[in-house]
Amino acid sequence: MLLRLKLQRPRFRKLSDQPLPPWLSRDFLRQRLVFWVGAGTIGLVSVFFAFAADQAQTLFQYMAGQGIWVPLILSPLGFMLCAYLARTVFPGAAGSGIQQAIAACETTDIAARSKLLSLRVAIGKIFLTLVGIASGGSIGREGPTVQIGAAIMLKVGEIGGADRAKGLILAGSAAGISAAFNAPLAGIVFAIEEMSRSFEQKTSGLVLSAVIIAGLVSLGLVGNYDYFGQVSGSVKGVDGWVMVVLCGVFGGLAGALFGQLMLRLTQQIRVWTSVMPWKRTLAVAGACGLAVALIGIATGGSTFGTGYEHARAAIEGEVLPWYFAPAKFASTLLSSISGIPGGIFAPSLAVGTGVGSLLVLVMGGSAGVAALLGMAGYFAGVVQAPITAFVIILEMTGDSADLIPIMCASVIGYGVSSLLVPQSLYHGLAESLIPQPKPTVG
Numbered sequence: 014m015l016l017r018l019k020l021q022r023p024r025f026r027k028l029s030d031q032p033l034p035p036w037l038s039r040d041f042l043r044q045r046l047v048f049w050v051g052a053g054t055i056g057l058v059s060v061f062f063a064f065a066a067d068q069a070q071t072l073f074q075y076m077a078g079q080g081i082w083v084p085l086i087l088s089p090l091g092f093m094l095c096a097y098l099a100r101t102v103f104p105g106a107a108g109s110g111i112q113q114a115i116a117a118c119e120t121t122d123i124a125a126r127s128k129l130l131s132l133r134v135a136i137g138k139i140f141l142t143l144v145g146i147a148s149g150g151s152i153g154r155e156g157p158t159v160q161i162g163a164a165i166m167l168k169v170g171e172i173g174g175a176d177r178a179k180g181l182i183l184a185g186s187a188a189g190i191s192a193a194f195n196a197p198l199a200g201i202v203f204a205i206e207e208m209s210r211s212f213e214q215k216t217s218g219l220v221l222s223a224v225i226i227a228g229l230v231s232l233g234l235v236g237n238y239d240y241f242g243q244v245s246g247s248v249k250g251v252d253g254w255v256m257v258v259l260c261g262v263f264g265g266l267a268g269a270l271f272g273q274l275m276l277r278l279t280q281q282i283r284v285w286t287s288v289m290p291w292k293r294t295l296a297v298a299g300a301c302g303l304a305v306a307l308i309g310i311a312t313g314g315s316t317f318g319t320g321y322e323h324a325r326a327a328i329e330g331e332v333l334p335w336y337f338a339p340a341k342f343a344s345t346l347l348s349s350i351s352g353i354p355g356g357i358f359a360p361s362l363a364v365g366t367g368v369g370s371l372l373v374l375v376m377g378g379s380a381g382v383a384a385l386l387g388m389a390g391y392f393a394g395v396v397q398a399p400i401t402a403f404v405i406i407l408e409m410t411g412d413s414a415d416l417i418p419i420m421c422a423s424v425i426g427y428g429v430s431s432l433l434v435p436q437s438l439y440h441g442l443a444e445s446l447i448p449q450p451k452p453t454v455g
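Note that the sequence shown covers residues 14 to 455 in my numbering.
Read the hints as simulated data drawn from the structure, not as lab findings. What you are looking at is a predicted structure, and each value in this text was computed from that prediction instead of being measured. Some hints here could point you the wrong way.
Distance windows between CB atoms, simulated [said to hold, decoys possible]: (1) A300 <-> P104: 19 to 25 Å; (2) E171 <-> G250: 52 to 58 Å; (3) G313 <-> Q436: 34 to 40 Å; (4) L374 <-> G250: 17 to 23 Å.
Ideal Cβ placement from N, Cα and C applies to all residues, glycine included.
Starting from the given sequences, assemble the full structure and let the hints guide the process.
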């Protein structure tokens, strides 16, 4: 008996029936493409914002040069206009912008998050910060760039269908810092140390790619540069290390004082303006603007604006006048509590260089090195983020020779400040922006 074997042709599954790897799926690729476009947009916006801020400061200098009386009118009116628009047309735009990004990162209220990081707020932030700088405010663009970057990335997530709001906010914030300072490593460290205080592994890819793309766009448009130029001198001998300790201690003390005054005055103004909000908001803004104008006139205009020119000159070896640090401190504080949009990063760095110059006037030493160390101690004392402080300063100056001294000044400044003021400035300001759960009855 013969056995008949029935041969069957092998069956192959069509390629279209094969499940694609997750990283090749249409949804994943769409999300990544939209995300990359968003990161590139942050770089473009940051470059435009930096150029516009420089032009706004030049415009103020031109107008102030027309007569000593000009700032006495321009600054109060400009502050009042910014505060009014920040309260009516662009609610959520007042202040630095970093506290808004932190609050949006920590809250679970979707409506509150959208209010803090909408594209409308981002547009208002750019416009009103420029108006504030053109009015002589002692404010910077770097903090606002964080809020703008977070808002762009959050919107990109909505378009691309991504639901990881916290990761998107961290990525946008890091990209903003990276592009604003031309400091990619600082952007990553800032997202870890200041924005989140914890870091999930699944978020690291978002943050890293956003920083790289935003940084490449900025690099392609303006080139590679040191934000503050080259440092004059380096830390040498016992005297140099004494200066490290002194800059850390006095920088930390001054930073703690700024943070404490900022938190207390902001809270008191918030309570005071809750009654007759329009009149009192305008009164606070106008009074702060007038005080900023008077300080600026008394110091020959040195405290108006970001303070970038004076900080760069100090790092390159110029000794700033003894009054620069306290005057810039007061002008920055008044601008920050006035209710206008604007950051404190650049002005704080300028105050820090003034602290270093003040110590040089008393003790002697290298003016450039003291300015750098004072910047590290004071900035770390204000933001209470020592790693971010020394990484930003290293990347802005390219001074790797003084890595250890800058680290030491930052850590000392942070330690002194945190002993006196346990709550960090930005997280303290963010608390008032996070909706509190309603108490349950019964």
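Results for each hint:
For A300 and P104, the hinted distance range of 19 to 25 Å is satisfied, since their beta carbons lie about 22 Å from each other. Checked against the hint of 52 to 58 Å, the C-beta distance between E171 and G250 comes to roughly 57 Å, which is consistent with it. In this structure the supplied range 34 to 40 Å holds for G313 paired with Q436, their Cβ-Cβ distance being about 36 Å. At roughly 20 Å, the beta-carbon separation of L374 and G250 lies within the given 17 to 23 Å, and the hint holds.
Of the numbered hints listed earlier, not one is contradicted by the structure.
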